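*Asks:* Given next are the chains, with one letter for each unit.
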Amino acid sequence: MSSAATQKRGFGAMLWDYLTTVDHKKIGILYLIGGGFFFLLGGLEAMIIRIQLLVPENDFISAGLYNEMITMHGTTMIFLAAMPLLLGLMNVIMPLQIGARDVAFPFLNSLGFWLFFLGGILLNCSWFLGGAPDAGWTSYAPLSVQSPGHGVDFYVMGLQLSGAGTLIGGINFLVTIVTMRAPGMTYMRMPLFTWTTFITSILILFAFPALTVGLFLLMFDRMMGAAFFDVALGGNAIIWQHLFWIFGHPEVYILILPAFGVFSEILPTFSKKRLFGYTAMVFATILIAFLGFMVWAHHMFTVGLGPVANAIFAIATMAIAIPTGIKIFNWLATMWGGSIRINSAMLWALAFVPTFTIGGMTGVMLASTVADYQYHDTYFVVAHFHYVIVGGVVFGILAALHYWWPKIFGRILNEAMGKIAFWLFFIGFHLTFFVQHFLGLMGMPRRYWVFLEGQGLDTGNLVSSIGAFLMGIGGLIFLINIIYSSVKGEKASADPWDGRTLEWATASPPVHYNFKQLPLVRGLDPLWIEKMEGKGKITPAEPLDEIHMPNGSILPLIMTIGFFIASFGFIYQTDHKAWLIAIYVGMAIALGAMLTRSLKDDHGYHISKEELEREAE
Amino acid sequence: MSHDHSLNPETMPQEPEKATHEGKNKFLGLWFFLGGETVLFASLFGTYLALRNSTADGPSSQDLFGLELVFIMTILLLTSSLTSVYAMYHMKNNDFAKMQLWLGVTALLGVGFLAFEIYEFAHYITDYGFTFRSSAFGSAFYTLVGFHGGHVAFGLSWIIVLMARNAKRGLNLYNAPKFYSFSLYWHFIDVVWVFIFTVVYLMGMVS
Amino acid sequence: MANNPNTSKLKMNSFQRQKKKEEMKKQVISFALMIGFTLIAFGLVGFSEMDSMFLVPILLILAVVQVGFQFYYFMHMKDKDHEMPAVMIYGGVFAAMLTLAALIVITWW
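Chains as they are written, first to last, in numbering that gives the first Met the number 0: chain A, 0 to 616; chain B, 0 to 206; chain C, 0 to 108.
It is worth saying that the hints were derived from the structure and are not from the lab. Model, not experiment: these values are computed from the prediction. Since no wrong hints were added, every one of them can be taken at face value.
The calculated label-pair distances, taken between Cβ atoms and stated as ranges, are:
1) B:Gln13 - A:Gly11: 48 to 56 Å
2) C:Val86 - B:Phe146: 20 to 28 Å
3) A:Ile285 - C:Tyr71: 19 to 27 Å
4) B:Gln13 - A:Arg521: 31 to 39 Å
5) C:Tyr71 - B:Gln13: 16 to 24 Å
6) B:Asp126 - A:Ser61: 45 to 53 Å
7) A:Ile311 - C:Pro56: 18 to 26 Å
8) A:His602 - C:Ala31: 40 to 48 Å
9) B:Phe146 - A:Gly453: 52 to 60 Å
10) B:Gln13 - A:Lys536: 35 to 43 Å
11) A:Leu43 - B:Phe146: 32 to 40 Å
12) B:Asp126 - A:Gly603: 49 to 57 Å
Taking lysine-lysine pairs in the DSS-like style, the calculated list, with each CA pair at most 27 Å apart, reads:
13) C:Lys79 - C:Lys25
14) A:Lys536 - A:Lys490
15) C:Lys79 - B:Lys177
16) A:Lys272 - A:Lys534
17) C:Lys77 - B:Lys97
18) B:Lys97 - A:Lys599
19) C:Lys79 - C:Lys20
20) A:Lys490 - A:Lys530
21) B:Lys177 - C:Lys18
22) C:Lys77 - C:Lys19
23) A:Lys608 - A:Lys534
24) A:Lys271 - A:Lys534
25) B:Lys177 - A:Lys599
26) A:Lys490 - A:Lys418
27) B:Lys177 - C:Lys77
28) C:Lys18 - C:Lys77
29) C:Lys20 - B:Lys97
30) C:Lys25 - B:Lys97
31) B:Lys167 - B:Lys177
32) A:Lys25 - A:Lys490
33) A:Lys418 - A:Lys487
34) B:Lys177 - C:Lys20
35) C:Lys25 - B:Lys177
36) C:Lys19 - B:Lys177
37) B:Lys97 - C:Lys19
38) C:Lys24 - B:Lys97
39) B:Lys177 - C:Lys24
40) B:Lys97 - C:Lys18
Every residue, glycine too, gets a C-beta built ideally from N, C-alpha and C.
Let the hints inform the model, and build the full structure from the sequences given.
*Replies:* Next comes the structure, spelled out in structure tokens:
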């Protein structure tokens with residue numbers, strides 16, 4: 000079971016290892032690979048959109064295909080790229096940060112990944128099977144019910160699968176943080192990234208069921224003739240909007256809070272100071288999550304909810320600026336007077352602060368109901384959410400990748416390439432989206448296939464598209480950096496950045512059981528405390544003893560394949576009843592796998608004390 | 000240490016469902032899952048309440064519902080909640096045979112409930128022509144009550160597999176958390192039903 | 000390694016047995032009360048002529064109290080070690096209330 004033996008095995012064995020793995024680090028890597036793949040797809044779709052909007056009245060792609068592009072770009076980036084990349088980082092890092100050997104439910108962890116991944120594949124199968132979903136990433140009824148073909152059906156089933164995976168992941172992280180913290184790791188000693196993982200998981204737990212129900216209603220309407228959104232039979236299309244945004248707004252915080260956590264790790268490390276206002280940061284996170292649930296209707300100001308409802312939601316929305324402001328000032332104060340080192344990870348973090356602040360300010364502008372009637376469905380909104388989601392989440396993911404890459408893969412990413420990629424992407428980003436504010440204010444609506452000449456929109460769109468190309472090139476250089484570094488990158492030491500938290504007390508990459516002896520945590524930033532007291536090593540909390548580890552299993556993959564097949568059955572049974580067979584077969588496979596899981600006892604295995612002593616560094 | 004967690008009254012911990020690390024994880028995991036289920040059912044209830052009067056000139060709740068059937072179903076499910084409490088009581092006393100017996104009773108009551116529900120649906124469809132597709136009210140009614148019925152069916156399969164699997168091996172620290180998780184889940188199904196009979200049936204007959 | 004069952008060995012003494020019995024008694028009482036509430040609810044709908052303005056809130060209160068019994072007694076949420084479960088259930092109830100408010104109060108044409 001030693002890591003040396005793992006490297007010598009052939010490709011087939013390695014593939015099998017990853018297909019059956021329940022190790023949180025490997026599952027995290029799978030999430031990163033899956034999320035990265037979908038990020039490239041989403042990026043490609045973005046490029047196609049920007050090429051279409053390069054010049055007025057362009058006909059690079061048809062109107063229908065354009066609708067499919069914007070739908071898939073949004074859906075892919077939110078559900079299949081940003082969230083899985085963050086879940087991947089959480090998976091690898093969070094257990095290390097709390098001094099745990101694995102997550103609470105290793106089997107479910109693997110199931111969650113496969114559900115996400117095959118859900119994403121299912122959604123993208125639509126490209127080859129008669130057209131992708133084309134009702135926007137929000138899939139508002141009745142448009143989504145009326146949309147011909149099977150595109151939206153793929154949206155429904157694909158998101159249902161990957162949403163279930165995310166929910167499982169959220170519960171898993173919650174239980175892990177509650178029960179598996181190392182001795183001494185109290186809640187108020189947890190690193191901020193772990194805190195944001197915790198709060199994010201709570202948001203996942205309470206937000207995703209609303210999406211689940213919304214998707215079921217849409218599925219019943221489209222595939223089984225129900226009448227939830229069918230006005231002729233008394234249905235009501237507003238239900239979809241409410242359910243979607245009751246999920247959708249917390250989803251925004253599900254994305255941004257982990258990024259906040261990332262910056263709260265990177266800024267102290269590279270400022271050589273402890274995080275300023277730790278307690279305030281924790282409570283600001285909780286407050287954002289709490290308020291984040293009460294603001295969904297600000298996406299629906301123009302629906303006609305009435306002045307009272309609109310006013311309540313406007314005020315609640317503006318209130319979120321307060322905890323977010325607390326965070327911004329705490330990050331600034333963390334850097335104040337620090338001994339700052341600037342490298343790629345820090346560059347992304349530094350770029351985040353002003354970029355996100357701009358996005359936050361346009362958010363407050365949009366929260367003002369009366370003004371929102373002007374901004375609604377224009378490029379101003381597009382600019383706003385790209386400032387927070389790219390400027391916040393994507394910058395956060397890229398910062399985190401630079402920061403934790405050595406820990407995850409044992410190699411340091413190339414600094415020169417990292418900086419070039421940063422500057423290209425950063426400049427490209429602002430070129431792309433800053434002008435979109437003004438395009439929006441000039442009245443350019445979002446989701447339109449073409450714009451007309453001579454309305455003052457030409458230059459802005461041209462600049463925007465040029466910026467998108469720069470972002471694309473930046474992304475490519477980052478990709479080259481990954482390939483280059485995995486071959487020729489500098490081997491990372493256990494603690495390349497002079498880190499403060501527990502993950503830097505493990506090897507790079509960590510052994511599969513993470514900690515030979517569980518660490519004893521004596522305060523916030525445990526590794527830093529030990530360094531300051533001259534030991535530089537974490538005190539173990541237990542004598543060396545055998546370690547209990549879970550067994551790998553192929554069942555999660557089989558179960559998911561079952562659901563995958565059944566999803567095709569659900570989608571196509573409207574064409575021909577023979578497809579019902581696919582539902583039965585798929586469900587039989589999935590339920591059979593579940594049954595096998597419950598009938599076969601799985602006690603895991605033990606790593607003996609002798610083996611652990613042999614593996615001593 | 001060995002994997003044998005078999006229990007006898009001498010080694011029986013106070014709370015066998017939480018005595019192991021895995022057991023504690025299962026316990027919390029199931030509770031957190033129920034927190035999410037609360038929102039799931041709230042979404043279904045909300046949808047139902049928004050559409051309860053959208054009958055599209057088809058049968059309305061006053062036309063359809065009768066007290067007797069719902070009352071029987073309610074008593075069946077409430078009683079099954081108590082019997083699963085008895086099962087857990089015997090689990091904590093390490094009396095495996097009695098635990099299995101009470102779980103068996105719980106399952107039987109659940110089957111009874113489900114049978115009445117199927118009868119009820121069939122009755123609405125054949126006697127009133129009230130289906131999933133007849134109106135938005137129909138869609139919302141069958142979806143909400145059907146989701147609950149689906150949860151009951153899933154719980155039944157769960158407990159039957161658990162009982163059959165462990166019939167010969169008795170109670171141990173590996174399967175005690177599983178039995179306990181089932182009982183929590185089963186109580187939650189009952190909680191949902193309390194709101195269904197109140198909000199859907201009783202309130203549907205009032206207004 | 001997870002807890003060794005031998006370390007948590009506790010003899011089943013009479014005190015604990017007594018405690019469990021008392022616990023069971025409380026649970027039977029809550030069951031009786033739940034059945035009682037159910038009967039009242041059905042009775043009010045079946046036999047009283049009360050205006051729905053009053054009846055609906057009464058029905059809802061009866062349901063909430065019953066559910067409280069389920070959670071606190073049948074599911075042991077009153078016991079120690081149930082802090083996190085309580086947090087998550089109340090969190091769920093909070094999100095549930097918002098969802099219900101959205102779909103009941105601000106869903107119209």
